[in-house]
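Hints in hand, dock the two standalone chains.
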Amino acid sequence: MNIHEYQAKELLKSYGVPVPVGGVAYSDQQAAQVAEEIGGNKWVVKAQIHAGGRGKAGGVKVVDSIAEVQKTADAMIGTHLVTHQTGPEGSIVQRVWIEQASDIKKEFYLGFVIDRGSQRITIIASSEGGMEIEEVAKATPEKIVKEVIDPAIGLLDFQCRKVATAIGLKGKLMPQAVKLMKSIYRCMRDKDALQAEINPLAIVGNGDDKLMVLDAKFSFDDNALYRQKAVTEMRDLAEEDPKEVEASGHGLNYIALDGNIGCIVNGAGLAMASLDAITLHGGRPANFLDVGGGASPEKVTNACRIVLEDPNVKCILVNIFAGINRCDWIAKGLIQACNSLQIKVPLIVRLAGTNVEEGRKILAESGLSFITAENLDDAAAKAVKTVRG
Amino acid sequence: MSVFVNKNSKVIFQGFTGEHATFHAEDAMKIGTNVVGGVTPGKGGTTHLGLPVFDTVAEAVAATGADVSAVFVPPPFSADALMEAVDAGIKVAVTIADGVPVHDMIRLQRYRTGKNTIIVGPNTPGIITPSECKVGIMPSHIYKKGNIGIVSRSGTLNYEATEQMAALGLGITTSVGIGGDPINGTDFMTVLRAFEADPETEIVVMIGEIGGPQEVAAARWAKENMKKPVVGFVAGIAAPTGRRMGHAGAIISNEDDTASAKMDAMEALGLYVSRNPAHIGQTVLRAMKENGIAVK
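These protein sequences, in sequence, are chains A and B.
Just so we're aligned, residue 1 is where the first sequence starts under the working numbering, counting upward by one.
Just so we're aligned, residue 1 is where the second sequence starts under the working numbering, counting upward by one.
Worth flagging that the hints you see were computed from the coordinates, not collected in a lab.
Note that the structure is a prediction, hence the values are computed from the model and not measured.
The beta carbon of each residue, even a glycine, is placed where N, CA and C say it ideally should be.
Each hint can be trusted.
Derived coverage of chain B by chain A (criterion: at least 3 residues anywhere in the stretch with Cβ under 8 Å from a Cβ of chain A; other residues may be distant):
hint, region
1, 151-165
2, 269-281
Below are the DSSO-like pairs computed for lysine-lysine, each with C-alpha atoms no more than 30 Å apart in a straight line:
hint, chain 1, residue 1, chain 2, residue 2
3, B, Lys227, B, Lys145
4, B, Lys228, B, Lys289
5, B, Lys115, A, Lys191
6, A, Lys162, A, Lys106
7, A, Lys146, B, Lys115
8, B, Lys144, A, Lys361
9, A, Lys210, A, Lys106
10, A, Lys229, A, Lys179
11, A, Lys138, B, Lys223
12, A, Lys146, A, Lys162
13, A, Lys361, B, Lys30
14, A, Lys143, A, Lys210
15, B, Lys144, B, Lys296
16, A, Lys191, A, Lys210
17, A, Lys13, A, Lys105
18, A, Lys146, B, Lys223
19, B, Lys30, A, Lys332
20, A, Lys361, A, Lys314
21, A, Lys299, A, Lys385
22, A, Lys382, A, Lys361
The following block holds chain B by itself, in its conformation from the complex (with noise of 0.2 Å):
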């Protein structure tokens, strides 16, 4: 098992026919993803990487049976083929774009609210989960398969704690970039929830940064809702205040905005804070022992 995507996931890729899709399209269908399609608007028809095109993902999921969708869709265009792919009725989608305006984003989870579609980013790496699905960007070669579920906003991030685990001898069921722009498709309570709900996790890593409430408002729900060990860590206790690192999201604009804020509020909920990020690995190692966690 895992979360959102696993090897019975049938995929197909919105912007199929770009460079970046084309290129992760391939990378994903190595570590066998089931890609069994994708949309290009006017090359509908048409075949790429011996695949069939098609110019709605409405036909796509009428022809192949598609429920997941990785959206290589330039940001001006995000929101609408990720509201295409909702009316779509696709289960999940994935939308890689960094610099889809918030306006949009709005919009977007309006349309959304009361339909059935997980929407994860924008500005993510992806979803994946080793040896079985990869819908994003990230380097598949490092995720290999174990017991922990690991969500972050950040991307690289994800890439650090999950080499830091690896070297420990950990795995994961499955890696979730939520994103890091201020308006996620998705946030970190919802994919906690869908963590708690997977009988493979066992233990949950949570890698957030300055800016916003959702940090604090997932490790709540943790406290009140869930069994399995969350370990936290939050990027930004050298960031000044007022000054965006980067990510459109990462901010500081008041005092429960910043990265020790937000620790001291996980550490008060009961999670198991990593204060120096080269120490994820080894405060998840610790959390597994005190929890009698397997470590594979």
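One chain only, chain A, in its complex shape (with noise of 0.2 Å):
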């Protein structure tokens, strides 16, 4: 589950990270309101959208008049922000963030990631703040650090020390990291976070130089949800695509593709083995979907609809290899899809594993006409050569 900067930003301050002084606004007159509680003479204007890429797209401004503030928000909320990130129909915006603008002297990238060969959260630092890291990392691998933390003992002083002075922290600054690493690795750990990335940190101010998190990224476990009732609260459903979050409150996992064989299949490797057998015949998914263990006829049917609801989609693939489910239960599943929902298009199925044999019968005896498929290889060509006619 990811979270909004702003939201970001104020769970780094209820851990004393220092962030800008800021406010959100959901309306441009709320947005002028903002900026004139926090003060001051220049101000920056962020859209809050969960992808990345929002300063190159215009979700960025920085303006020096509460009249500007307001124009620019107005021209950000309920507009389409197109990032690299977004996909070609971008992300609509919803609220703003407004801080005060900063006085940067120098960008640091700090990120906490849970690094899968270590099998801990490992700090990511770089002197090249403001970029993304993977291009830091293509570029200038020398100027990432790395610092990995042990579970048990926690993140240490000196290991701050070592991130700061490689990327360049001194001086009083130094302890200013420290504290700041350690806040947010306590932060990360209390919240159950998958990533934090602060990119950029920097260093703001005239003559006193202070450390500030001018922009933050949070992912958090789904599978720690119900032990993060706070967390939980900040889900943003809108940028999150509906159909998947229906999905998933049928027990099913779906993600939306560009082609139009749709798929229904149990089990994550084997329905993404089966988009690509499908790919490898020259064909085009038009989705992933796991109906996982125990399906239902009724999380069947639930699988059928939602994947009809794609408008591209010309035929079914539906690839079962039964352990704890039974393949006589999915073939009742798709006979009363068939009848409650009318499917119009071809359905190609392939059952094996646990009864098999009784699955067969049941559709060869349903008087509906599937087409079936001995193995994947089978069911993949059926399926291309049906949307091809």
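In structure tokens:
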């Protein structure tokens, strides 16, 4: 689960991490009001969507009057912001964050990630702030510093000093960096975060230099939300694909893709392999859908309905290798779906595993015209042939 | 022989009296698994399926000599149950749960450091040595005895590959599902090492997916340390970047994470690679013929 920048900043502030003075606004009048309240003579207006790349897409503007704040907020709110991470249709801006503009002297990158190699939380830092860390890793890997945290001991002061020194935070900034890193780590542990990315972390101010978080991105572990009430409350469903949200409510894992062969499969691995097999036969899958274990007739019907809501779908490939599932249940579910949804597109069905003979018999005796497939290869070939006509 | 579990394994079920544990304990016993009891806190002293129930794993181990645990405990309590198994000296603990918090796994991996328990999972179908021992939820009837070791992240793709091999008359020594989560108790490399040491296993099939560095790390280890041939496949060539494809760990975060990049690396490291998920069985057969390994 991801959250907005303003939520990340409010969260960090509650952990004593320095962030600019600011506030969130849902309308242009409110934006002007927020700017008045926080004071100053220069403000940053930032569109709040989950996707990155907002700056280049025009979603971040620096202005120097209250009237400009209002005008900018008005222009942003309600528009679709298209960045390199949103896809062509963009994300709708429903709120903006207004903050006092900072006098930036230098920018850094500071990330906390779960490193799959060491299986521990790892700090990744770089003196190259404001850039995407992947680009820095490619162009100048020597500018990236890593520090692995022992979960039993926690993040130690000397580790923070090592990181700070390596990216060039010296003198009075060093103790600030130590405190900031330890606070972010504590926040990540407390809240079951999977990632905390501060980009940029900046030295701001004139004379009296201070470290400040100018942008922050957090993602949290969906599997831990049961014990994270405050985090769950930050969820913004408007930022998620409504079909994926609906599917997950039915215990289905659905991801929309851009092809025309609908897929209903059990198990994430076999579902991925089914998309692969279709692709290798020259076809294009319309979606990923994992029905999971224990697929009841209702679940199968819901899966068919969700797949068919995509107008591009020209046929559906059903690929089931029943372990906990049973092929006879799946077969009954498909017949129920065909009858209740009046499915017009061809269904290619491959069944294997538990109770496969019963399942095939039920389909054969239904009087409905399923295209049956012997194995994965056959199923993919038949699906691709069907859409080609 | 086999890896991790065999006919001499003494198996307990944690969360024994639950619905799924009951179903799979019965199925496991049907194929010959030596189930010696179970643990359900609060139900100690009772019996279930004619076997003793204990309050703690330590009690179960003391009374039955159990050395393998099938952990059927819900995700919020899985890590605690696994640490209890580690503390009680269980040799192999398999956790089925899908949805264990990542921070729990980080703590668990730290806790077990320096101790001798093999932890398999979470989010795995488990381990099966055909006709000897099943610790998991897989359909046991598709697994036939043979000389191939199989290890995968995904459950259903493991079944798929097993069926493709069975259709060609190929059977297995042991199947190990390491699970689809970003942090696994046991990684590919550990399982490859076990298969290399097992005299009955003559060839190994490794089935990975997008996300994370462990397929390539294991392939590198295999090149440097294994005499037995390894066949590899990685699912997700059609997967888009940045999306979690069902499994918590199946996400392309950088260019090394893609299925194609991993299969290229495997090939460069001398593995037999099946580029097509439907050709895993035939790729194994080809590798066996080229290496003079008997089909059985």
